[in-house]
Amino acid sequence: MSDRMADRQYLTQEVDAWVKQRNMKNSEMNWRFTTEDARIKLKYLYPSF
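Counted from 1, the sequence shown has number 16 at position 16 by the working numbering; the numbering is strictly sequential.
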């Protein structure tokens, strides 16, 4: 989006079009670590009782 957004409605239309185009590509998320690594790294967020 290199153009200036004239108003909120135009911005919403542009973002909706971008989202629709991105969803049509079936883009995949490239996680940087495994679930097991996440459990170790984020252990402090999920305390066990």
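Watch out, some of these pointers could steer you wrong.
[Stated by the list, open to error] FRET-style restraints, in silico, Cβ to Cβ: (1) Lys20 - Lys41: 29 to 37 Å; (2) Gln13 - Ser48: 23 to 31 Å; (3) Asp16 - Pro47: 24 to 32 Å; (4) Ser48 - Glu28: 42 to 50 Å; (5) Lys25 - Met5: 37 to 45 Å; (6) Arg39 - Val15: 31 to 39 Å; (7) Leu42 - Trp18: 41 to 49 Å; (8) Pro47 - Thr12: 25 to 33 Å.
Think of the hints as simulated: they come from the structure by calculation, not from any bench. Glycine residues also receive a C-beta, built at the ideal position from the N, C-alpha and C atoms.
These are the hints, each one checked on the structure:
A C-beta distance of roughly 34 Å is found between Lys20 and Lys41, which places it inside the suggested range of 29 to 37 Å. For the pair Gln13 and Ser48, the beta carbons lie near 47 Å from each other, so the given range of 23 to 31 Å is not met. A hinted range of 24 to 32 Å for the beta carbons of Asp16 and Pro47 is inconsistent with their spacing of about 40 Å. The supplied range of 42 to 50 Å is broken by Ser48 and Glu28, whose beta-carbon atoms lie about 31 Å from each other.
Hint check: Lys25 to Met5, Cβ distance near 23 Å, so the stated range 37 to 45 Å is violated. The given range of 31 to 39 Å is respected by Arg39 and Val15, whose C-beta atoms sit roughly 34 Å from each other. At about 30 Å, the beta-carbon gap between Leu42 and Trp18 misses the expected band of 41 to 49 Å. For Pro47 paired with Thr12, a C-beta distance near 40 Å fails the hint of 25 to 33 Å.
Violated hints, in rising order: 2, 3, 4, 5, 7 and 8; the structure is consistent with all others.
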